[in-house]
Amino acid sequence: MTSQTAEKPVRNRPPALRGRARRLLREITLPGVLFAVLALLILAPVALVVLSAFASDTPRPGNFGLTGLTFDNFVNVTSAGSVKAALNSLAVGAGASVLALLIGGFLAFVTARTNVYWRGFLYLVGLLPMLLPSYVGALAWSVLGSENAGLANITLRDLGLPPFVDINNIAGLIVVLALYYAPYAFLLVHGALSLMNPDLEEAANVHGAPFGQVLRRVTLPLVTPAFLGAAVLIFVLTVENFPVSQIIGGAAGVETLPTYIYRLMNSTPSRGNEAAAVAIALVVVVLVVTALQRRMLARRAFTTVSGKGMKPRRIDLGGWRLPALLAGLGYFVLSTVLPVLALLFVALHDSPYIGTVLGAFGKPDAFTVEAFADVLDSSIAQRATVNSVVVSLAAALLGTLLAFAVAYVVQRTKLPGRQSLEYVSMLPLAIPAIVLGLGLLWTWLIMPIPVYGTLAVMVIAFVAAQMPQGFRGVASSIGQVDRDLEDSAVMHGASRTRAIATITAPLLRVGLTSTFLLLLMLSMRELTVPLFLFTSDTRLLSIVIFDDFDNGILQRAAATSLLYCLVILALSILSRRFGASEQR
Amino acid sequence: MKVDVHGLTLKYGDAVAVSDLDLTVNEGESLVLLGQSGCGKTSTMRCIAGLETPASAVITIGDQTVFDSGRGINRAPNKRNVGMVFQSYAIWPHMTVFENVAFPLRMKGRKKAEINQAVHETLELVGLDHLADRGASLLSGGQMQRVALARSLAMQPSVLLLDEPLSNLDARLRHRLRMELRELQLRLRLTSLYVTHDQDEALALADRIALMQAGRIVQIGEPHEIYANPKSAAIAEFLGVDNVIPVTPRDATCVELAATGQKLKVEPYEPAETLRLCVRAEDVLLGAGGQGGVNTLPGTIVSFAFQGSTVAYRVRVGDGLELDAVQLKSAGRPFGMNDAVTVSLPAGAMRVLPAEVAA
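These protein sequences, in sequence, are chains A and B.
Quick note on numbering: UniProt numbering labels position 281 of the first sequence as 281, and the sequence is numbered without any gaps.
Quick note on numbering: UniProt numbering labels position 336 of the second sequence as 336, and the sequence is numbered without any gaps.
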């Protein structure tokens, strides 16, 4: 059959070239299509933010905003207000990272390596705050800890003690952020400590080091990368965190770069070009920190993880078993118990004005479920719930499919351009959510396709923002399935697509499901990315909570938050059963 | 069917894995590609399978050209009708043994009854008929190997490729399966290409062996031929020749040990730039201490190890030169540490070879 191809007369060109050109064309089709999709989702928004920073006009329908190239925006960026915001951001990021590392590192060490009391429970304590979206925590703490009307101070006054709690300042902002980002440090350090090959420590022991020295000279140096990784991750996440800064810092007039961007966008007239310039400053901060971490880790090789899940030795804390437990419980109370109680109290209290906390328990009729009924009845909340569910399901499904296609091309093929697919997929990690939201707004404003103002644009935004998590999730599970399994199906007569459908996809079922659930949960929680994209018809649950709080409807905000947390709890139990890991 | 590979060059980026290789597997022949890891033997096989795309080559299976870089022909692997047993077996864990073996027949669109019969016949052939309904993830290593083999046999391939199929098994099982594989091979007279780094396996399973080094075939021939007449010292060493000693030429039948200057009578040899004297440990004869003579050197035992039916010795015969010798236990009273001995090297057992095959 094949000899026929050779007998065909070939027009002018040598046949080798034709064969090669045809092969190249065939090879770049798939990566080309995927690259176009990713470029539209991720590169276009980033490019528009960069362009806007140098323009005097922002993109809007029929106008790309390329007119009037100027550096004026950057002159405005160096104004006193934005410098203050940048300094605040750095201080908040650094302070929150250190504090979160101390909390998370401590919990990780005592649960992974000591015989502290209630070890299993403390492990849960380390993870639990992850279920509270940071803005729900911030909302609860602003109810608890404001100087005059805060529940903590009211309770102190009820007890006849002097009120001293005040979180509406930069220190308060740092503490609240640290409380809700400590779980990231906990997870990373705990992983490193419990997967470390105990042979490494025993070898140091055998070669003459007492236990303290083993810890100092072997164990701690080996978990350094996990520590550094957690530090950078938390720094980046806290620097770019918008809602906590807005809720806690807003009342105190502490401005950070994300809230500054938000204020510029919401001022009349909107100052989008300056916002874009500030956004670039924010991206630069994130990139510098990430690059620093890479350089620090590049100098040494750390291959500590044996992956065998061996039992590491535990240190006998002796007299410190109880104090360590109490410290862990202290974190539990501050991060979870008090906030949830505060939200419950506000949601159940009969009036938004609270004069006494302890007194309310003695008074009949002080508590009512009206606020919850209000939420369940409210058409806004119902609508938002439907929106959230629809958007999250669609975003998780499309995100998983796209991530599968990209991860497959990157990991299993030698197609040209697959490396750049991976880079673009991971790019949103370096782009703060508020910046990405800005870029997505402009991208879909100028798109000739009318998706702006619909739920579709929310789905698009979520798929773009969560591409890194999706890609990593699918790529790691593809990596665990031996490629021979698929190749052998091809050898035994299946076409490549059929082999993927009958062999690879079924074997990835668990990995794909868990990635889907992870994306679903991230979408349900996300507040910042849709912040510039929603309209009154397309509000999500997170937006409704934020709006209610912003407008002072505290009871409804508290009630919605609690119901919302229940949904997220259910989702995360589901995804944990499928072995999903939270990565952001 | 006959497999013909002509001018195969495979590159990974700038690294050349296989360079301008020619190879023919005759119809019904079992050809073994033997070489150290990284020599390009698996890459060569994957090119025939269609899992790698060579930079240039013409590959034909039977009368069908499956790859021709010049004419832009590259048949998809699933259209080549090539069976392959992977090193990892690649048994699909989400299917039963039956489903695994039936897979290629389903892909060919065979009728259900036909598939049923063929699968059971093939499973019987490899002795696994009783496990047809077992989940594939519950199999032992040896059973997986047999399923992988059955799966490839069931498709009645034009050529069967086997990529180190026994390397993941323990020594005893490996030995037994090697014999079974050879038996099947002789019975079915299937054209097959077998990749391995284990010379014993190659010697046992091959009709012909093709020895690969650094991306090219350095010697090809029947097992006994290669065993007896390696073309270079490197090949000899790879084939288990224990003593490979640098020598300098004296005349047509005499060389001088480079380390000690002692002269040895040898069979005529081809001159080459660097020469090595190759002699197997079992051909080195040890005697009680005495005077040296022709091809007899005085030496001292530096270590010995009891190996069951034999004893292995290491003998120092001069500064910087030690030889390995193996004596049958029945050869007499064993020597001890520091015993003075004579080492006899029969001219017929020694070969003087170039260090490497010229490129």
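Just so you know, not all the hints are guaranteed correct.
Simulated pairs of lysine-lysine, DSS-like, Cα-Cα distance not exceeding 30 Å [claimed, not checked]: (1) A/K414 x B/K79; (2) B/K108 x A/K414; (3) A/K414 x B/K11; (4) B/K231 x B/K263.
Quick partial rundown of chain A residues pointing at chain B, CB under 10 Å, derived from the structure [said to hold, decoys possible]: (5) R113; (6) T114; (7) R418; (8) E422; (9) M426; (10) R483; (11) V490; (12) M491; (13) G493; (14) A494; (15) R498; (16) A501; (17) I503; (18) D537.
Please keep in mind that the hints were generated in silico from the structure rather than gathered at the bench.
In this text, a Cβ means the ideal position worked out from N, Cα and C, and glycines have one as well.
Hint check results:
no., hint, in the structure
1, A/K414 x B/K79, "holds (20 Å)"
2, B/K108 x A/K414, "holds (28 Å)"
3, A/K414 x B/K11, "holds (12 Å)"
4, B/K231 x B/K263, "holds (23 Å)"
5, R113, "violated (35 Å)"
6, T114, "violated (38 Å)"
7, R418, "violated (14 Å)"
8, E422, "violated (17 Å)"
9, M426, "violated (23 Å)"
10, R483, "holds (9 Å)"
11, V490, "holds (5 Å)"
12, M491, "holds (4 Å)"
13, G493, "holds (3 Å)"
14, A494, "holds (5 Å)"
15, R498, "holds (8 Å)"
16, A501, "violated (12 Å)"
17, I503, "holds (6 Å)"
18, D537, "violated (44 Å)"
Comparing the model with each earlier hint shows violations of hints 5, 6, 7, 8, 9, 16 and 18; every other hint is respected.
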